[in-house]
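> Two independent chains are provided; combine them into the complex using the hints.
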Amino acid sequence: MFTEITGAIMIFLLSALLAWPLGKYMVKVFKGEPSWLDFLAPVENAIFRLCGIRPEEGMDWKQNMKALLLVNIAFFLLAFLLLSIQGFIAFWNPNGFGNWEPTLAFNTAASFTTNTNLQHYSGESTASYFTQLAVFTWLQFVSAGTGIAACALLFQGLANETSSRLGNFYKLLIKSCTRVLLPLAAVLALILSFRGTVANFRGIQQAATLEGGAQMVAGGPAAPMIAIKQVGANGGGFFGPNSTHPFENPDYLSNMAENVAILLIPMALVFSFGFYLQRRKLALMFFGLMSLMFISFAGLSAWQEARGNPAFTDMGLAQCTNMEGKEVRFGPVASSLWGVSTTSTSNGSVNSMHDSHTPLSGGIFLLDMLINAIYGGVGVGFINFFVFLVVAVFIAGQMVGRTPSLLGKKLEAREVKIAALIVILHPLLILAGTAIAAHGIRVDPELGWLNDPGFHGFSEMMYEFSSAAANNGSGFEGLGDNTPFWNITTGITMLLGRYLPIIGPLAIAGSLAVKKPVPESAGSLKLESFAFGAVLLSVILIVAALSFFPALALGPIADYFTL
Amino acid sequence: MKNVRIAIGLAAITLLIFGIAYPAAMVGLANLLSPHNAAGKPVYRDGALVGFENIGQAFDSPPYFWGRPSAVGYNAAATGGSNLSPANPAYRQLVQNRIDTLLKYHPGIGVKDIPVELVTASGSGLDPHISRAAAMIQVRRIAASRRISEEQLRRLIGQHCRKPLLGIAGPGDYVNVLKLNLALDAGVESAGQSPD
Chain A
1 MFTEITGAIM IFLLSALLAW PLGKYMVKVF KGEPSWLDFL APVENAIFRL
51 CGIRPEEGMD WKQNMKALLL VNIAFFLLAF LLLSIQGFIA FWNPNGFGNW
101 EPTLAFNTAA SFTTNTNLQH YSGESTASYF TQLAVFTWLQ FVSAGTGIAA
151 CALLFQGLAN ETSSRLGNFY KLLIKSCTRV LLPLAAVLAL ILSFRGTVAN
201 FRGIQQAATL EGGAQMVAGG PAAPMIAIKQ VGANGGGFFG PNSTHPFENP
251 DYLSNMAENV AILLIPMALV FSFGFYLQRR KLALMFFGLM SLMFISFAGL
301 SAWQEARGNP AFTDMGLAQC TNMEGKEVRF GPVASSLWGV STTSTSNGSV
351 NSMHDSHTPL SGGIFLLDML INAIYGGVGV GFINFFVFLV VAVFIAGQMV
401 GRTPSLLGKK LEAREVKIAA LIVILHPLLI LAGTAIAAHG IRVDPELGWL
451 NDPGFHGFSE MMYEFSSAAA NNGSGFEGLG DNTPFWNITT GITMLLGRYL
501 PIIGPLAIAG SLAVKKPVPE SAGSLKLESF AFGAVLLSVI LIVAALSFFP
551 ALALGPIADY FTL
Chain D
1 MKNVRIAIGL AAITLLIFGI AYPAAMVGLA NLLSPHNAAG KPVYRDGALV
51 GFENIGQAFD SPPYFWGRPS AVGYNAAATG GSNLSPANPA YRQLVQNRID
101 TLLKYHPGIG VKDIPVELVT ASGSGLDPHI SRAAAMIQVR RIAASRRISE
151 EQLRRLIGQH CRKPLLGIAG PGDYVNVLKL NLALDAGVES AGQSPD
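Here the protein sequences line up with chains A and D, keeping their order.
Under the numbering used here, the first residue of the first sequence is numbered 1, with each subsequent residue one higher.
Under the numbering used here, the first residue of the second sequence is numbered 1, with each subsequent residue one higher.
Isolated chain D, as found in the complex (with noise of 0.2 Å):
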């Protein structure tokens, strides 16, 4: 009987030291040491919330870099990956259907010039990047649409290119689709400014 109270009111104190206390006291930091990003890094525009920073959005019309397909077409209240298996058929048509679509709207390009992670979806649903090859395949298409030159364009995409973190750890060489759009809108010669 001893060892029931003891368990019972173990149960409770725990649950408000390290349900409660902990995380409110570590929000509580967060908020007050680096508020934006605690935020989740928010971008406005003119006043208004346009989206996340690292939260993709979805692109599909011909001014703007296109991310990567989403499972969850970018909602980010539902996210989540396909879970779709190497080998199964279903998936091999969905890629297949991907790589058509890519051809049509960029004409001038080959299948090889496709990189994958365009014709793949992450697992997030949310992937906010790609690699500086599948900014550059769609560089004439959205020079088209914008009367733009393709060599800004193709400048903009350099200024945006991640590198590896310190040089040596981790994936380099893909760019911020939304950072990337962002840019565009605000006139491709301003766009001068870090990646960061």
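In isolation and in its complexed conformation, chain A is listed as follows (with noise of 0.2 Å):
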């Protein structure tokens, strides 16, 4: 237990220390400073020329929001016309998989647009290599660029003294793509294939077992296509199981190198923050107050994993740790810390069952979920934890009976109104989307999609819903997912869960960057203080807990106590 824990701590320093310099080294990307990967500038600029795009033309934030949808709504039909006609493509399909369902497509293709990789198909038995590389893998790539650009763009917004212009959305996605995560996927891919991550392009290959039986084992190019789904915090994985198979996911070096991958990006945003715009204190402080919640959770859930299962006692075994879902190479310690890794950074893969976790473990990766600012997603996630942010200023501001003012800017009615609706969003979304699916089990019990009885399936369903506005990805996989209803549902809900929180903040970044700043005084609000630390600690948890405590008292809590 002792080693498990001490991989588990360095796992969380290695990120963390890796962290600060690729957030220092993304904010010279951004601004598009000299670093060593100029020798793609060639490339690049023959993008930028093929497509059209005047890199150097700066937008306002509409111009860059049509940009951004436009760019993902070609992303998303191009993914859905592939998927549907997967079966005419002859190439990179050496198991002859077929057209997919329309609705499977639909969700897929939202799915992968939004980064959130919620997978409702099973890789080894459905998607032809092509489908894995070609729409997933692209995706993947172009989905997180796109919450890195989303992000960037935020950061000009707040560094602007009375200009509208915040940056260009393409320079910004193609940059993102080629030197961020282009460069940390490929080390990546090839420190998996090293350790036994499976890389060629062989159909499912037949094995004589040593009992004299037969084994069909599936492969595939699998390495690169986990490096970045890891990386962009995607985590749609090559095979069902996703990094729970040893195809995936070897070792425990592979495993430890996939989950500072998770970490990486989204705890180097926070620190971009501070560089982007001179404010590296309040960059460490909010990087402090995102850490003390991830490390609690994660200390928690390892806990009640080791504690395990008080029916394993009943029956007379000496251990009761919960291995169900588990590998034994990892353990429950680096299980539990990944579950909390990625549901915080809404990456979404997994290295065990989270719908096997113990109760309060799986309400824990709920909670990591229903937050989704803890690091968060690439680029989304800082988004996310700007919009509590403020709230957090606005209620301050109205505490100490003063216009509240952000980095030098006022505060006012259109930014708090916008940062509000965008909060409501998330438990709307969830909630709403829950209630729908236990009514449709409650008309008619014979829906068939719960693996479990009981208050976890509540679970199921909430967390499936929880994953989906999150655009995290992960599941309660017991769920039986792939059915129109859970398809077009949740397909909707990963939509408007990915685009309006990533409008809003953008549309208070746009009103804020024309705002004149107002000199910081003695009395204005001082962000880098402990007490404001815990006005937002406490808007964050809040928010989380009033609006979502009902439902999580009746799935994860209840089914804690029926243990």
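In short, the hints are calculated from the structure, not lab data.
Yeah, the Cβ is synthetic: ideal placement off N, Cα and C, and Gly gets one too.
Treat the hints with caution; some may be incorrect.
To be verified - The list that follows gives simulated cross-link-like pairs (lysine-lysine, DSBU-like), each with its CA atoms no further than 35 Å apart:
{"id": "1", "chain 1": "D", "residue 1": "K2", "chain 2": "A", "residue 2": "K516"}
{"id": "2", "chain 1": "A", "residue 1": "K28", "chain 2": "A", "residue 2": "K281"}
{"id": "3", "chain 1": "D", "residue 1": "K2", "chain 2": "A", "residue 2": "K515"}
{"id": "4", "chain 1": "A", "residue 1": "K24", "chain 2": "A", "residue 2": "K417"}
{"id": "5", "chain 1": "A", "residue 1": "K515", "chain 2": "A", "residue 2": "K66"}
{"id": "6", "chain 1": "D", "residue 1": "K2", "chain 2": "A", "residue 2": "K417"}
{"id": "7", "chain 1": "A", "residue 1": "K31", "chain 2": "D", "residue 2": "K2"}
{"id": "8", "chain 1": "A", "residue 1": "K66", "chain 2": "D", "residue 2": "K112"}
{"id": "9", "chain 1": "D", "residue 1": "K2", "chain 2": "A", "residue 2": "K62"}
{"id": "10", "chain 1": "A", "residue 1": "K28", "chain 2": "D", "residue 2": "K2"}
{"id": "11", "chain 1": "A", "residue 1": "K526", "chain 2": "A", "residue 2": "K516"}
Stated by the list, open to error - If you want a taste of the chain A side facing chain D, the calculated C-beta under 10 Å gives, among others:
{"id": "12", "residue": "N255"}
{"id": "13", "residue": "W449"}
{"id": "14", "residue": "D452"}
Shown next as structure tokens:
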């Protein structure tokens, strides 16, 4: 157990230490300063020329938003088309998989375009290698790039002194892909393939087992996809059971590398905020707040898993660690750390089955997604955190009786209204969706999509909608989710949960960008203070707790008391 | 209209770069630098593919070490876990049945001796490992079936035991069932190679 804990601590420290220089480097990329990847400039310029992009053209928030939405619509439509005609593409399809059913294609195209990677299909039995690479791996880059670019636009909006130009979305998207995601993914793909993550184009192979049977083994070009799935907070695995599969995550070293990759960019973007606006102390305070929640949640989850299943004691077993859905080579601590990492950062890959975690551990994963701003997804995580920040500044301002100002700009009715609507959107999507599903099950108990009875069944439905709304992508996979009901409802939830929380904060940034800065005085609210940190943390926890507590009580908490 | 043209162009070009060129290059590079690992560490015996080092196999006959229960019967073309929740009565029954089966085939051991991973299914359904303790409780059955000494088997398990990464990170004291069984088939005496 001791080495399991030291392993987890190493993963966390390594992520934070690597995130600092990466955060600094990303600011260089955003601002177009020279860096060691400048040799890629000809490639990037060729892309700009071919597409007709003028990279130096500054755009205001509305122009950027239009560009972001149109590009994402193009991604979505192309992905939907390619999935629908998969069977006709003879290239990279050694197992001869056919076309996708329309609602599954809709759900999956929405899922990968929105950086969610909720998977209602199983990779090794549905998706051709062409689909895995040219659709999924491609979208894992550009959807992550979209999030990072949006975050860079937000930074510029906060930095501006009365200019409406936030930068150029196209340029930021391409450069995020070529200069941040591509090098990191390439390094990780190589590390993984050296450890035994499969990387070839062979179809299903048959092995003659020692006992004289036959074992069918699916392989494929998994390493490059797994690398970007982790680096880009995507989470969609090559194989059905994701990174529990020995071909995705062969040993403890690969597990460390993947877990660090999950946390890396989300952590780095918090530091980037500090470097971009020269508010390092504030960025460190944000990082500290997030890490406080992160470490507490990971500790609680690991403790619950190690404490295990009391039913095992009743059966007479000496150990009762909860090993259901876990791998021996990772153990409970690394499984819990990964679970909290993947749900905090809206990644969604798993190295243990979340459905089989003990109720409180599963509840923590849910809570991570309900908050959705502990480091958060690449780009969008910090954007979500920014919304909480606006609300907290407003409330703190009310408490001390001053006009609230954020980073030298006055917050007025318009900004606070937008922030409040975005904060409410998340519970609305999750609770309304869960309510509809729970009603469906009540009306027709034969629907048959629940694997577990009782309170846990409720958790399964709530988890699915939380995962969709938070653009996470992990699941309580006991849910039989490949039905038109789940495909359509979660598909729409993912789209709303992705684009509205990008549009709203960018609108705030757009309106802050043109405001005249007010000089900071002794009377203005100091953000880098313990008091404000406490207000911010309370806002985050109260919003999550108040809006979701009743639902959590029906799911994981009730489940815990029946254990 | 100009924006629409840009969007379509951008989608097409990024697909070619990140969806085709990047993965093809990485697969090529991996196969160039480390072909055995990129192939998933296949294991051949007398020229025939008998499995992959990290992909668990179903074992349930007396002369072999048994691995963990699998929700998919070790089918490596349709993998997955049980997704059963700890509180589910059906799950508890399943665990009880596994305990009963183990007790039946391993006379002399008690419920308390059974490590928990031997009665729970892994997430992938392909977990290649069990703990040292889980291998030890099977020694008597295998020794009887193969007519070899228990001492030799214990030594074999010891040789195959993995340490934590760098001695400090992650779980230790577990063995790869397939490699252990390959060593058994090769003859216990010649099984002195390193576990890697």
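> All hints, please: hold or fail.
Now the hints, each set against the structure:
{"no.": "1", "hint": "D:K2 <-> A:K516", "verdict": "holds (33 Å)"}
{"no.": "2", "hint": "A:K28 <-> A:K281", "verdict": "holds (19 Å)"}
{"no.": "3", "hint": "D:K2 <-> A:K515", "verdict": "holds (30 Å)"}
{"no.": "4", "hint": "A:K24 <-> A:K417", "verdict": "holds (32 Å)"}
{"no.": "5", "hint": "A:K515 <-> A:K66", "verdict": "holds (22 Å)"}
{"no.": "6", "hint": "D:K2 <-> A:K417", "verdict": "holds (33 Å)"}
{"no.": "7", "hint": "A:K31 <-> D:K2", "verdict": "holds (25 Å)"}
{"no.": "8", "hint": "A:K66 <-> D:K112", "verdict": "violated (64 Å)"}
{"no.": "9", "hint": "D:K2 <-> A:K62", "verdict": "holds (16 Å)"}
{"no.": "10", "hint": "A:K28 <-> D:K2", "verdict": "holds (29 Å)"}
{"no.": "11", "hint": "A:K526 <-> A:K516", "verdict": "holds (19 Å)"}
{"no.": "12", "hint": "N255", "verdict": "holds (8 Å)"}
{"no.": "13", "hint": "W449", "verdict": "violated (12 Å)"}
{"no.": "14", "hint": "D452", "verdict": "holds (4 Å)"}
In the structure shown, a violation is registered for the earlier hints numbered 8, 13, in ascending order.
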